[in-house]
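Throw the hints in and build the complete structure from the sequences for me.
Protein chains in written order, with our numbering: chain A, 1 to 258; chain B, 1 to 323; chain C, 1 to 676.
By construction, these hints were calculated from the structure, which means they are not laboratory data.
Predicted model only: the values in this text are computed from it and were never measured.
The beta-carbon is built from N, C-alpha and C at its ideal position, and this holds for glycine as well.
Any given hint could turn out to be false.
Derived DSS-like pairs: lysine-lysine, alpha-carbon spacing no greater than 30 Å straight-line [said to hold, decoys possible]:
(1) C/483 / A/84
(2) A/227 / C/483
(3) A/34 / A/227
(4) A/254 / B/29
(5) B/202 / A/227
(6) A/254 / B/145
(7) A/34 / B/322
(8) A/254 / B/292
Facing chain A, according to a computed beta carbon distance under 7 Å, are these residues of chain B, among others [to be verified]:
(9) 115
(10) 133
(11) 141
(12) 185
(13) 191
(14) 279
(15) 283
(16) 317
(17) 321
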Amino acid sequence: MNLYVLLKMVPDTVEELNVAADGKSLDSEFLRFKLNDPDEHALEQALLLKEKHGGKVTVVTLDAPEVDDVLFTALAKGADRAVKLPVNQAELGTVAAARVLADFLKAEATPLPPDTLVLPGSYAIDDLEGELAPLLATALELPYVGVVCGIAPAEGKATVRKEFAGGLRGEFEVALPAVLGIQSADKPPRYVPVAKVRAAMKSARIETVDVPPPDRPRQLELERTYKPEAAGHAEMLEGSPEEVADRLVEILVKNSAI
Amino acid sequence: MANTILVLAEQLRGEVTDITFEMLGAGRKLAEASGSSLCAVLLGAEAAPLAAKLGAADKVLVADDAPWDLAPADAVAGALEAVMQQTQAGLVLLGCTNVAAGIGSMLAVKTGLPLVNFCRAAKAEGGGVVCTSQLFGGKIYSDVKLADGKGVVCIYPGAFPVDAGKRDQAPPIEKVDLPVAAPKVTFKQYLEPETGDVDITKQNVLVGVGRGIQTQDNVELAEELAQVLGGAVCASRPVIDQGWLPLSRQVGKSGMTVKPRVYFALGISGAPEHWEGMQNSQCIIAVNTDAKAPIFDGAHYGVVGDVLELLPALTEKVKAKKG
Amino acid sequence: MDPVNINLLGLPGLVLLWALALLAWGVFGFRIWQLVGLLRQGRYENRFDQPVRRLGHMIRHVLLQPRIFNERAIGLPHFLIFWGFLVYATCFNWSLVRGLFPFLPVPYPDEVKVVSLFLEVFSVLVLISLAVAVARRLFFAPPHLHLSLDANLILVLIGVLMLSTLFGNGFRIVSEGGHTSAWTPLGSLLAKAFAATPTETAHAWANAMWWLHMIVVLFFLVYLPYSKHLHLLAAPFNVFFSQSATRPVGDLGVLGAKEDLSAGAARWQELTWRQLLGGFSCAECGRCDRACPATASGYPLQPQQLIQKVKEHMIHAGLHGRQGNGAQKLIGEVIAPKEIWACTTCMACMNCCAVWNEQVPLIVSLRRHLVSEGDVERTLQDMLGNLQRYGNSFGKSDRMRAKWTQTSGLKIKDARKEAVEYLWFVGDYASYDPRCEDITKKTAQVFAQAGLDFGLLYEGERNAGNDVRRVGEEGLFEMLRDKNLQALAKAKFQKIVTTDPHTYHTLKNEYPWNGHRPEVQHYTEVLSQLAQAGKLPLNKKLSGRVTYHDPCYLGRYNGVYDAPRHVLHALGLEVIEMPRGRDRSYCCGAGGGRIWMEDTEKIQERPAESRIREAVALAGVQTFVVACPKDIAMFRDAVKTTGCEGKIAVRDLAELVAKATAPPAAGNAATNPQTA
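Have a look at this one:
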């Protein structure tokens with residue numbers, strides 16, 4: 001199969017996020033980037049598909065801090081090709097990013113071969129302008145399914161599972177090539193030892209492919225960015241575990257839970 | 001502001017979901033502030049009977065000529081585009097949900113309108129609309145202005161009150177014909193959640209565990225508390241992904257929405273995806289080692305401390321209380 | 001008389017002896033050649049450094065066998081059988097050479113009076129020892145002793161050797177006229193008993209005994225390299241080449257490696273020759289299994305079995321040609337991953353192994369392979385991911401590492417900015433675990449009260465990598481190590497003090513330091529020195545009985561047993577030892593990355609639970625003192641799961657010191673440590 005995995009770097013929320021002096025963007029001082037969670041699943045899903053059905057996995061990113069590490073990690077995990085598009089991700093909204101990525105994919109092959117799957121993550125935590133997958137599908141005029149948690153390809157099509165809610169999932173049949181927004185892979189993302197990543201850094205290469213920059217980087221103008229003020233706050237219980245437990249029993253009684 | 005605000009009514013298996021009422025409530029407010037009319041769009045082969053529930057809208061447009069509810073996102077987006085043209089609507093509200101995933105983005109591209117995702121507050125302001133989006137897992141909010149009041153807004157579930165979107169009145173219903181394209185994605189079947197397990201939506205007490213529970217063994221401590229309280233254990237996504245509890249115990253976006261009398265959030269930081277599923281619990285008790293965890297902002301009672309120390313003590317006390 | 005001068009079935013004795021000797025030595029030589037051939041297929045490692053030190057180590061542990069004496073019942077018997085073997089082996093070869101070359105102008109050994117006495121004395125000692133050994137096997141077998149037919153057969157053969165010597169002496173005396181001698185007291189006794197035997201018959205019997213002896217020994221020679229008694233040949237080499245002879249205990253480095261070993265071993269040939277030699281040296285005594293906390297808890301690991309499995313697999317695959325597609329895989333089929341993951345790297349097995357096998361590094365080699373394949377359980381994977389990204393296993397921001405200092409009430413120096421005497425390498429658990437935060441603050445207060453000039457690396461510190469390395473993630477270990485060394489290179493300090501014994505071991509023994517190794521101390525050592533120098537302001541006298549748990553990486557790995565006990569004594573506490581104390585200390589179950597792993601199967605009793613029950617059984621002890629942050633987590637948990645709350649409290653040594661050094665309040669008398 002011909003598998004494209006689109007990887008996006010997002011701010012690591014383990015670190016404290018602060019708003020910059022302009023009141024709109026994030027303060028870069030403590031900002032660190034990591035791979036968006038669903039994208040990690042998208043990569044895993046692609047690797048699993050490759051292992052089962054053969055083919056080639058290409059990971060594609062825009063330029064972002066710490067992105068090379070992520071690309072080498074993907075190569076160490078088993079991706080065949082890593083492509084970096086030298087456009088600064090931070091300046092682009094999702095709509096413009098989708099355009100850049102669509103241009104790249106069109107340049108790869110038009111039309112894309114029938115065994116192609118384009119696999120972005122289902123969403124990213126900073127998708128203010130919408131998700132990448134449907135935007136890309138529209139730009140490439142390909143079928144799309146989002147929130148995908150399972151893929152079984154067959155000749156020219158694939159059966160995919162989409163999560164609804166409450167544990168309910170739906171099974172859809174989709175004609176290939178297609179864009180699938182991956183929520184979770186069949187298996188949790190694999191671990192790749194540091195030694196293998198280092199080996200990849202020595203032996204593998206990140207391809208840089210030039211693409212025309214988008215004419216309109218952002219669709220939306222931010223008025224203001226801020227940390228949410230808590231609307232309320234819990235009544236905090238303090239004391240030893242025993243004391244707290246006593247208070248909780250009272251609360252349970254009050255709420256007729258005992 | 002545009003004359004008509006559209007709300008894409010959402011349904012799952014023949015039931016109108018809460019997000020629909022949240023959107024109707026939000027839309028109602030915007031419509032009143034700007035003098036627009038609020039129009040619900042209900043799509044689906046058997047959707048017509050549901051229209052009566054959408055009394056908060058000034059009008060319900062129903063298309064029941066095709067199984068729209070399971071149609072691919074681009075088909076729904078195409079249908080909405082047609083409705084927008086017919087109604088001259090400029091503002092569309094959709095759910096930021098799995099069911100509606102992708103529809104908003106596609107509609108925005110088709111119509112050339114901007115899209116605002118993860119919206120948790122919206123107010124009319126000088127002919128436009130200011131939307132507040134929650135980004136980075138709810139850690140940062142951004143305000144975005146749709147200057148002419150036109151755009152596609154994806155409403156984050158749980159951010160708006162459900163009751164504001166419910167009215168005991170029968171709305172005028174109008175049937176519409178919409179273009180049906182040959183779909184490239186076809187619905188095959190539902191895959192039911194595992195059955196035979198406890199139904200967490202029917203419990204009075206839920207003991208929810210998150211990443212802070214650390215190990216599978218510790219889930220048993222939570223199980224013990226749930227047992228003495230006659231409730232059940234449930235979990236946030238990371239715990240389910242670990243395989244420590246079955247999928248049927250997941251609370252949140254892809255899991256269940258629960259409203260027990262008491263919800264314990266143990267070692268759950270309070271990510272929006274989880275909050276969405278349990279925020280309407282009557283009483284929320286959060287225990288977390290991190291005093292800054294967002295869960296404390298919404299919970300009724302909070303304890304900063306080690307779940308593993310508290311659990312056995314609490315289980316004992318409850319046992320003693322029950323005699 | 002010459003026992004070779006006989007004629008059996010028309011064959012002269014000399015021919016027969018030559019034939020038998022050539023056959024036996026031939027088979028023996030062939031087998032040894034085969035076995036050495038197997039070892040040569042293993043990976044190279046240099047165990048030839050410091051030969052003199054190695055020789056000393058070998059002499060001590062082969063000739064004196066102190067570790068055998070760790071188990072009283074079999075200690076002395078084994079020692080005597082071993083020395084009997086040496087004496088008899090020497091005399092056998094002497095006898096054989098004399099028999100093969102009748103023209104040599106030397107007597108047979110038993111014809112030399114002193115030698116004869118020696119042989120007789122040893123024969124009695126060995127026979128008594130054999131009786132003990134057989135009785136132990138039949139009636140008092142300890143758990144995990146491998147009760148093989150093999151072992152019993154060998155014991156019988158040795159008995160035959162002894163008896164044939166005694167009876168040979170007896171019959172010889174009879175055949176030579178019955179002149180008893182004080183040099184052959186037992187032979188003389190037997191000669192009296194058989195005095196009525198005709199001379200000719202006695203002569204024949206004497207010869208028969210000599211031949212019996214020789215044939216049994218020659219049989220032994222053939223049998224030995226096919227049996228567990230191969231340890232007799234391999235163990236001296238195993239001891240000579242043991243790692244601990246020249247390097248820190250449990251060192252995971254491989255000297256002179258010719259390949260990259262960080263991906264571990266998936267096939268037996270990917271183990272080093274010394275790891276393979278371990279299988280030949282194993283005597284199946286079961287000491288390691290009896291000491292292993294994983295085995296005792298019912299985890300699927302038995303260190304002895306692991307060594308044996310590698311050996312059997314190597315022989316099957318390497319000698320019996322079971323290779324290619326049908327061959328069993330070392331990992332997965334011969335050894336299950338769950339065995340490999342069960343090890344806590346506590347060093348109990350290696351600490352008691354009488355032949356100095358190296359189970360822990362072997363297990364780490366196998367783990368490395370699993371890690372390189374990404375075959376890592378989910379929780380562990382999360383931890384490793386966290387360590388890669390944030391430098392700690394808690395998945396918290398590295399900037400939060402020293403957050404505890406903000407509420408410590410102290411201004412603690414930043415060693416990257418100003419010079420300090422002690423750089424305090426706090427470690428992950430003491431820095432991030434909320435259960436340890438209070439202890440860490442108290443430790444800082446005690447340091448400050450004692451006037452210690454100390455500072456931290458603050459967010460420059462990373463996990464030292466002990467557990468990461470033992471989990472088999474060598475690349476990540478190197479990454480963490482290099483980052484720490486970079487940060488340390490920029491700091492100004494003279495010594496390092498650590499909270500975590502695992503950190504202590506790794507900084508002290510596993511960082512290269514490029515020749516500038518600073519002194520690394522555990523906080524208990526520092527506190528002990530401060531107490532001795534009278535710098536600890538002991539405002540309160542504590543009283544009562546406590547027990548102290550020796551952390552594996554402080555005790556067995558680094559031999560620090562006394563410093564923490566000194567401190568407890570200085571506080572006024574009475575230390576009651578647990579039955580498994582000091583180097584027999586029983587692991588809490590957290591080491592080697594186990595603290596990050598799940599118990600996938602039902603086990604009987606966790607190691608920490610066993611330990612708590614052991615402590616609770618001590619009369620009058622209500623305080624369980626630990627000196628490792630992971631012990632706080634493990635044992636406080638175990639106190640709950642064993643229902644021992646109220647009976648015993650787990651306290652860090654630093655907490656007790658802080659209690660004693662707290663500024664005096666009104667009217668305090670001797671204080672019970674429990675209320676600390």
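Practice task
Go through the numbered hints given earlier and state which of them the structure violates, listing their numbers in rising order.
Solution key: 2, 4, 5, 6, 7, 14
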